[in-house]
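> Each chain, letter by letter, is given below.
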Amino acid sequence: MAGKTDLRRFPGFLTVTTLCLFVLYAPLIVVAVYSFNASTSITNWGGMSLTWYVDVFIGPEAPKFQRAALNSMIIAVCASVIATVVATLAAVAMTRAGRFRGKTLSFALINLPLMVPEVVTAVASLVFFSAIGFTTGLTTILIAHTVFCIPFAYLPISARMQSIPDTYEQAAMDLYASPREAFRLVLLPLMTPGILSGFLLAFIISLDDFLITNFVKGAGIETLPTAIFGSVKQGIKPNIMAISTLMLVVSVIFVSLSWLVGRMGQDKKKNN
Amino acid sequence: MASSEIAVSVDQVVKRYGSVTALHGVSLDIRENEFFTLLGPSGCGKTTLLRAIAGFEDVTEGHIRLKGQDLIDQPPFKRPVNTVFQQYALFPHMSVTENVMFGLLRKSWSRQEAERRAQDVLELVQLSDFAKRKPGQLSGGQQQRVALARALAPRPEVLLLDEPLSALDLKLRQAVRMELKAIQRETGIAFIFVTHDQEEALTMSDRIAVMSAGHVQQVGSPREIYETPVNRFVADFIGETNLLDVQVLSVTGGVAQVLMPGNRNFKCPAAAVVNAGPGHLSVRPERISVCAEAAGDLSATVTGHTYLGTDIQLHVKLVDGEAMSVRLQNAETTLMPETGAVVGLSLEAGAARLLAD
Amino acid sequence: MAAGAPMGAGNSSRIYKGSGWKLLFPSWIIIGIFLLAPVLMMGVYSFLTKEFRGGVIWQFSLDAYDQFFFDRGLFGDEPPRLEWTYIGIFWRSIWQAGLATLACLLIGFPTAWFIATRDPKSRSTWLFLVTIPYWVNLLIRTVSMKFLIRDTGPLNEFLLSIGVIDAPLGLINTNFAVQLGLFYSYLPFMVLPIYAAVERYDFSLSEAAADLYAGRWTILRLVILPVVKPGIVAGCILVFVPSLGAFLAPDLLGGAKTFMIGSLIEEQFKGNAGNWPFGAAASMILLTIVMCVLLVYARNQNKVEAR
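Quick note, the sequences are listed as chains A, B and Z, same order.
Note that the working numbering gives residue 224 to position 183 of the first sequence, counting from 1, and the numbers run on in steps of one.
Note that the working numbering gives residue 410 to position 203 of the second sequence, counting from 1, and the numbers run on in steps of one.
Note that the working numbering gives residue 258 to position 217 of the third sequence, counting from 1, and the numbers run on in steps of one.
The hints are simulated quantities; they were obtained by calculation from the structure and are not laboratory data.
Ideal placement from N, C-alpha and C gives every residue a C-beta, glycine not left out.
Be a bit skeptical, because a hint or two may be false.
Sample of chain A residues facing chain Z (criterion: CB under 7 Å; computed from the structure) [as the list claims (entries may be wrong)]: (1) L48; (2) R49; (3) C61; (4) P68; (5) L130; (6) A134; (7) R137; (8) L150; (9) F169; (10) I173; (11) G174; (12) F251; (13) L252; (14) I262; (15) S292.
Once the Cα atoms are required to be at most 25 Å apart in a straight line, the calculated DMTMM-like pairs of lysine to aspartate or glutamate come out as [to be verified]: (16) B/K474 <-> B/E545; (17) Z/K63 <-> A/D47; (18) A/K274 <-> Z/E307; (19) B/K339 <-> A/E102; (20) Z/K270 <-> A/D47; (21) B/K274 <-> B/E322; (22) Z/K63 <-> B/D280; (23) A/K144 <-> B/D265; (24) Z/K58 <-> B/E268; (25) Z/K58 <-> B/D277; (26) A/K274 <-> A/E102; (27) B/K274 <-> B/E305; (28) Z/K63 <-> B/D265; (29) Z/K58 <-> B/D280; (30) A/K274 <-> Z/E308.
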């Protein structure tokens, strides 16, 4: 029903969408292309080469970035696992425990990390850790990341739980399942897609963080974003572009994965 | 009736949600091997009562006994009753067989025995060919039968059904009614069936409890409920009826002498509680016939017709302005008065009932 | 308990009744101790006396707020005058964030609309395309933007080589660059809620309006925009709030002229030049602004739901 009669169509909206996608992708694509530049000058094109990728892995700065990447991974895995478990418990409480005192307050608390501006969270964490005499380091980064990962893990999990009517658990109990069995055999399998996408979301958010990490990290400890930031302050070097491109690829793989997981969940739902 | 024949005894059950009372001291006895229906409009408390029997609702006061044993403190997973849920609640991540076996495995049946039982029950509901499918791959009617099989598999003492047919389309619903009734006969388990659909209740039940506003209004066989309603609510809710405001002159031996609108006298059976004074006379539209104006129990003016296929509904107005409807069979022999005609209405004396408010 | 509602809907199953607090305990411990307590502590710090070389002296003082709002001259003995430096920084931040939000709206609404009116299959692909950049590290995106638009970057090189311009555009270190960066950072936040609202939009409303002689743009103005307004408002909040306290875009794409709240606060806690109570006070003021915006939003949301 295309054409003048279709009320869904507005002239120019396609152009704007194209412009939107162009703005979103142009910088990323340009950096990805220039990361293959053979020239040491970052702006002049000197032909295709993998020089800078080789440099990332065995160049003079390689150990620093590898250490930083390892730190990022450790923190992201630990923070997102803890956040997912905590968020799952919270989601069960919020969607299944009925009404109780302080429920609204608890909801606000879980979402607090989303409401407090990041820079405030960052400095507040720094001040707090130094006040209670916590030595800054990997642990402080891990704690701070866990805090702001919780709401991100919570969102998809609770959304999923809200779409699961509690008749499933009632049916399980009606069929002689104890509460523990009802959770393990019925609720948990149904929640899995939500838990998985909550975990992936938390993982990416943790990998992504720069500002808070930059404040709570101890001297000498770097994650990938803080290492890149430090390096960029002295000017954009080609190896940064190679690292950026690698991270971009990792992100895209991750998002595609979580997208597929989400789709699986949706297809299942359609079949019901 | 001997108490051993009673499967479920609901004894003075009260349920309050804060200031709202959903059940006002409901008492019912459901017999063994009986198809028992809780019928009423939405919000009447029928689902609450069913959930209380299943164990999903705590009751505020009263007792629910199963074969003489008090269930009140038992959690749902310890009550030997099973439920067919309104939206079925089939576990979407399990196959049909796994769904049916679920309850058996929780009751510590061996896998082998559970599988055999699942096969038997699926055969009973004619779904053996779909055993390996997931619920999402079944039609609504098939899902409904899986839900039934799942609830029957553990051999419950009583089966609870919460409007299980409401999600099906009309044609299928009619076919499933007969099937459900047959399965109840075959298994010999008492079924407690919740519905707001009176036709469903009338066609399937051995006995019906009509509920309204948290009270049981009447318990009886479909015929008793339809033909001898005890009050206005039951008469009005079950089927179609005309309720006439009349003056009761005298009541003797269950027979009442009343003064109809238009001041003609009429004699009819009365519900036990009726006294002299203003009353309500309930007459089913199909129990009225049209006659000459002077010969009728009532005088009325025809205001219109509605064509219903097998019947024609005649809309009439009485002298006091009250509207009534009359059903006449759609046959060549039936005399059909024109709109505007003044006719007499003759009521079948045995079918008219005088009711209390 | 209406029988019309499916059995159990909205009713809590007995299983978790009363265990709400047990299940929420870990959340309270982690977020309560490591975010709520620190933020409250910042509130306290903003009323303390500053210690040179960072830190605080436990002595009540309003100096931090005084320094923020008033100027008492070099030696602090002149009558207080309103100090515009910091208010100016806040005002510029609000202005920058507002412009970025507006840009996101102008680009985001048509995009969201366009995507929501595709057929369901290609819809998720379009949505996916819009969200991918969001998942790429914010730092990397900002660095990429800096690389692209700087004076010797590919954009200027390209425009110079085809002769559209004869001198670099000079985009970097301008307000425009910061807005572009913020726009780029948070655009998906605008698209997603509007998309969700448009997806729920009932197109028979458009048809009814067209039937009553409304033209395409009249329908947009009088029917569509009011109906999807909750989505638009949500999108604006989601872009405006993080933009206000943003650090990376102003820091990397802007210069000294484009100093924003984020950098102001950061400066107070990094190195020895810092003034913790002052930074804490600036944080509290920022937090207050954000909370006010969210509160107004929540109020409106409740009103919408109550209708």
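> It remains to establish, for every hint, whether it holds in the given structure.
Structure-based check of all given hints:
1. With its C-beta approaching chain Z no nearer than about 4 Å, A/L48 sits inside the 7 Å limit, and its interface hint holds.
2. With its C-beta approaching chain Z no nearer than about 4 Å, A/R49 sits inside the 7 Å limit, and its interface hint holds.
3. With its C-beta approaching chain Z no nearer than about 5 Å, A/C61 sits inside the 7 Å limit, and its interface hint holds.
4. The restraint placing A/P68 at the interface with chain Z holds, with a minimum CB-CB distance near 4 Å, inside the 7 Å limit.
5. A distance limit of 7 Å between C-beta atoms decides the matter here; for A/L130 the minimum to chain Z is near 4 Å, and the interface restraint holds.
6. Given the 7 Å rule on beta carbons, the hint for A/A134 holds: about 4 Å separates it from the nearest Cβ of chain Z.
7. Checking A/R137 against chain Z: minimum C-beta separation of about 4 Å stays under 7 Å; hint holds.
8. Look at A/L150: its Cβ gets to within about 5 Å of chain Z, closer than 7 Å, so that hint holds up.
9. Hint status for A/F169: holds, given a least beta-carbon distance of 4 Å to chain Z, under 7 Å.
10. At its closest, the beta carbon of A/I173 sits 9 Å from a beta carbon of chain Z; the interface hint therefore is violated under the 7 Å criterion.
11. Nearest Cβ of chain Z to the Cβ of A/G174: about 13 Å, over the 7 Å cut. The hint is violated.
12. Interface hint status for A/F251: upheld, as the beta-carbon distance to the closest one in chain Z is roughly 5 Å, under 7 Å.
13. A least Cβ separation of about 5 Å between A/L252 and chain Z falls short of the 7 Å threshold, and the interface hint therefore holds.
14. About 16 Å separates the beta-carbon of A/I262 from the nearest beta-carbon of chain Z, more than 7 Å, and the hint is not met.
15. Taken as an interface hint, A/S292 checks out: its beta carbon lies about 5 Å from the nearest beta carbon of chain Z, inside 7 Å.
16. Pair hint B/K474 plus B/E545 does not hold up; C-alpha atoms about 29 Å apart against a cutoff of 25 Å.
17. For the given pair, Z/K63 sits about 54 Å from A/D47 by alpha-carbon distance, which is inconsistent with the 25 Å threshold.
18. Proposed proximity of A/K274 and Z/E307 is supported: the alpha carbons are some 16 Å apart, at most 25 Å.
19. Distance check on the hinted pair: B/K339 and A/E102 sit about 58 Å apart at the alpha-carbon level, beyond 25 Å; violated.
20. Between Z/K270 and A/D47 the CA atoms are separated by roughly 22 Å; this keeps the pair inside 25 Å, and the hint holds.
21. For the proposed pair B/K274 and B/E322, the alpha carbon gap of about 29 Å is over 25 Å, so the pair is violated.
22. Pair hint Z/K63 plus B/D280 holds up; C-alpha atoms about 24 Å apart against a cutoff of 25 Å.
23. For the proposed pair A/K144 and B/D265, the alpha carbon gap of about 23 Å is at most 25 Å, so the pair holds.
24. About 20 Å separates the Cα atoms of Z/K58 and B/E268, which keeps this hinted pair within 25 Å; it holds.
25. Straight-line distance between C-alpha atoms of Z/K58 and B/D277 comes to about 23 Å, which keeps the hinted pair within the 25 Å bound.
26. Straight-line distance between C-alpha atoms of A/K274 and A/E102 comes to about 15 Å, which keeps the hinted pair within the 25 Å bound.
27. Taking the CA atoms of B/K274 and B/E305, the gap is about 30 Å. The hint is violated against a cut of 25 Å.
28. Simply put, Z/K63 and B/D265 have alpha-carbon atoms about 22 Å apart, close enough for the 25 Å limit, and the pair holds.
29. For the hint pairing Z/K58 with B/D280, the CA-to-CA distance comes to about 16 Å; that is within 25 Å, so the pair holds.
30. Between A/K274 and Z/E308 the CA atoms are separated by roughly 16 Å; this keeps the pair inside 25 Å, and the hint holds.
The structure fails hints 10, 11, 14, 16, 17, 19, 21, 27 (numbered hints given earlier, in ascending order).
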